[in-house]
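Using the sequences and the accompanying hints, generate a full structural model.
Protein sequence lines correspond, in order, to chains W and V. Residue 231 in the working numbering sits at position 231 of the first sequence, and the numbers go up by one each step. Residue 1158 in the working numbering sits at position 158 of the second sequence, and the numbers go up by one each step.
Hints in this document: simulated from the structure, not taken from any laboratory. Be aware that a few hints might be false.
30 Å max Cα-Cα, derived DSS-like pairs, lysine-lysine [said to hold, decoys possible]:
hint, chain 1, residue 1, chain 2, residue 2
1, V, 1160, V, 1115
2, V, 1239, W, 172
3, V, 1250, V, 1239
4, V, 1160, V, 1230
5, V, 1168, V, 1128
6, V, 1128, V, 1160
7, V, 1358, W, 221
8, V, 1281, V, 1358
9, V, 1015, V, 1230
10, V, 1358, W, 172
11, V, 1115, W, 172
12, V, 1128, V, 1281
Not the full set, but computed from the structure, chain V residues with beta-carbon under 7 Å of chain W [unchecked claim]:
hint, residue
13, 1306
14, 1315
15, 1318
16, 1321
17, 1322
18, 1347
19, 1448
20, 1449
21, 1459
Sample of chain W residues with no beta-carbon within 12 Å of chain V, all distances over it, derived [as the list claims (entries may be wrong)]:
hint, residue
22, 55
23, 138
24, 226
Note that beta-carbon positions come from the ideal geometry of N, C-alpha and C, so glycine has one too.
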Amino acid sequence: MLAYIIRRLAYALPILLGVNLLTFALFFMVNTPDQMARVQLGDKHVSEEAIEQWKTQRGYDKPLFINTAENSEGLLTDTIFFEKSARLFVFDFGKSDEGRVIGADISERMWPSLAVALPTFIIGISVNIVFALFVVMFRASAFDTAAMVLCVVLLSISGVFYILGGQYFFAKLWHLVPISGYLAGTDAIRFLILPVIIGVVAGIGGGTRLYRTLFLEEANKDYVRTARAKGVSETAVLFRHILPNGLIPILTSVVVVIPSLFMGSLLIESFFGIPGLGSYTLDAIQAQDFAIVRSMVFLGSVLYILGLILTDISYTLVDPRVRLS
Amino acid sequence: MNELTSVMNELLSIKPVVLWSDVLIYILVASLGLFFYQLSKNPLARQRWRTVFHSRAGVASFIVILFYLLIALLDSLHYRAPLEKTEGSDEVHYSQEVHSVLDVVLTELRNKDEKTYSAPFAIYSFAKENMQTDDGVVYRDFPRLANAGQHLADEADHGKDVFVRSMKALLVAAFISAVILGLHIAWRQRQQRQQCSRGLTTQQTLPWGTIYLTLSLLVLACCWVLELSKVYHILGTDKVGQDVLYWSIKAIRTGVLIGTLATLLTLPLAIVLGISAGYFKGWVDDVVQYIYTTLSSIPGILLIAASVLLIDVYIETHPEQFNLVAVRADFKFLALCFILGMTSWTGLCRLLRAETLKVSQLDYVQAAHAFGVGHNRIIYRHILPNITHIILIALVLDFSVFVLAEAVLSYIGVGVDPSMASWGNMINEARSELSRDPVVWWSVAAAFVLMFVLVLAANLFSDRVRDAFDPRSA
Chain W
1 MLAYIIRRLA YALPILLGVN LLTFALFFMV NTPDQMARVQ LGDKHVSEEA IEQWKTQRGY
61 DKPLFINTAE NSEGLLTDTI FFEKSARLFV FDFGKSDEGR VIGADISERM WPSLAVALPT
121 FIIGISVNIV FALFVVMFRA SAFDTAAMVL CVVLLSISGV FYILGGQYFF AKLWHLVPIS
181 GYLAGTDAIR FLILPVIIGV VAGIGGGTRL YRTLFLEEAN KDYVRTARAK GVSETAVLFR
241 HILPNGLIPI LTSVVVVIPS LFMGSLLIES FFGIPGLGSY TLDAIQAQDF AIVRSMVFLG
301 SVLYILGLIL TDISYTLVDP RVRLS
Chain V
1001 MNELTSVMNE LLSIKPVVLW SDVLIYILVA SLGLFFYQLS KNPLARQRWR TVFHSRAGVA
1061 SFIVILFYLL IALLDSLHYR APLEKTEGSD EVHYSQEVHS VLDVVLTELR NKDEKTYSAP
1121 FAIYSFAKEN MQTDDGVVYR DFPRLANAGQ HLADEADHGK DVFVRSMKAL LVAAFISAVI
1181 LGLHIAWRQR QQRQQCSRGL TTQQTLPWGT IYLTLSLLVL ACCWVLELSK VYHILGTDKV
1241 GQDVLYWSIK AIRTGVLIGT LATLLTLPLA IVLGISAGYF KGWVDDVVQY IYTTLSSIPG
1301 ILLIAASVLL IDVYIETHPE QFNLVAVRAD FKFLALCFIL GMTSWTGLCR LLRAETLKVS
1361 QLDYVQAAHA FGVGHNRIIY RHILPNITHI ILIALVLDFS VFVLAEAVLS YIGVGVDPSM
1421 ASWGNMINEA RSELSRDPVV WWSVAAAFVL MFVLVLAANL FSDRVRDAFD PRSA
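Structure (structure tokens):
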């Protein structure tokens, strides 16, 4: 097991290197530091000195890949690529273009993100599974059809409308919860209820439909028919046979997003003013702070690859037929 | 006769503007036509399409999508109108504004600006203004709108007028539908009689009832909108007094194009890489797998945001390439489509690779190898036809995803150009409006309804297509 994990992590290195090269190409070759400086300094007629100064302050004055001016030691390390990208591998994110330490910002803003994303994730999955089971219980009936139509309708509504609608009715009209904002500690609950509910409701359509298909696939298998044939009651078949076996593909398919929960949701966090990583990224995008966007791209990739590895491991845990190789 | 010549003159004097996205959408429609023509020669595919169009949801949603597509196509023929000639010069200058054929149809809507917000069907403005009575006394009240309800002699007739006009629209719509349906039913009966006389058995037919109902509803909606929009702002006006209905109709083009172009622009990449990985295996497979794992491990929204920021910088530093606002917006729009496609082609590529791996092991492919058939020919004749259903399913499934994504991206500020009409931009602007008191709800509602209908139709249609073409889900 340990050997497998280490090997998988080693496989991840070239992928992360690829991610870094890609973002590097996007950020430094398409958009050269000179242009960045011009945009940041905000004036079309900035003096050359000002640009040079801006670049020196942020370490953008070095060569891209190979520093021919340096001797063997600094040949590869004293370059923009090494300074800005290779350091990410040890999670040294450096400073943002504004001058703040990105690593500290991330570890501080991670928790509000998690406080929204984790309950949404857990409640969302439970609700979807319960609904899907309920629909499967009445499969091939008018209720089933109606539920599926409802799911398609829910699925066809943009997430933005769920948020706008939720904020309007629950916060503005009925004054049940604050419209937006965030407080640390237990006070946070008041602010978290609405985003979590909206996150769950927005996912019901797609989730229920998908899980219903998975449960139905299970319900058509031979062992279920055998169980029925030997006289097991319909409820027992559903809860003792279909549910546990149907949960396997469901759980293994959601494992991949668990690490990414740290990243938070861009949309929900910015609408509700939650100071998490999602709104952090969004602010960086809007302020054109490339250092932060670059760090978040890297972090997101790392967490996604971690999710893939966890998925493979979870397969072996729930299904003994699958072996790690 | 005079009128006709003046119209002709006007038509000849315009300067057509060809935007890249216009070209692409027409190429797309043409190639879709060709694709369906090819499919119609394939008996198995024909059988599958028959199951799609014989389901009521399938055919109804298809008609709705066609309707949207038609509007988008009309909105994709652009031109610049000539400006009035200045004294003493023969040179013709063209307007900086680019209009489309759809704008001509909706001229009345486009030119009916108010000062600021007004509610749907309102005849009074939403905001109070200082006004003067005839004897010079200044008072503050809601002013009458400049372009809504002007024909009303008595304001108390407002509600009655809306009702009467709706009824009129209903009658006109009923008449048009009755004529079309009547003619078609008569034609069908004649066809049937001919078939019977030739001794052909009647095949199972399309769900005509649903088709007629959908068409009638569309005709009704068009008649109602055309009749009432003449004298009212059906969906109100926005902050600067523009008709919301006009902008939400203009946004259809953006939605439809982003849904189709995003997949299509990266489709060649997915097909070529996916098939080569599955067919040639070995190092090709390794390289392709590496590429799509790397791309898919970057969070999509961040990749899009980063690329769009860079495009903004490019546009800012190369202003000479974009002489018109519309050209700039179009460039950004196409780039956005391409990037959206880049974030999604990896999934399709993976599916194509897996399916090619499977198909290339089949006996007839082995036999082709044994006969000495070349790689290109095997791929074209034996592999490609057996994986087209995956491409098709991906195309229709991604459509609604991209339409929804556009709204989110424009909200975040990395979507289409703010000068372009899009539902995302409308929602984005409406955010501050929702916190006003009383609430300005109509532009959000307009974007919601138009987007919802399109996405719902696309989802229903893609479900039917998937059921018909995916052997696993059957």
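Hint check against the structure, violated hint numbers in rising order: The structure conflicts with hints 5, 10, 12, 14, 15, 16, 17, 18, 20, although it agrees with all the remaining ones.
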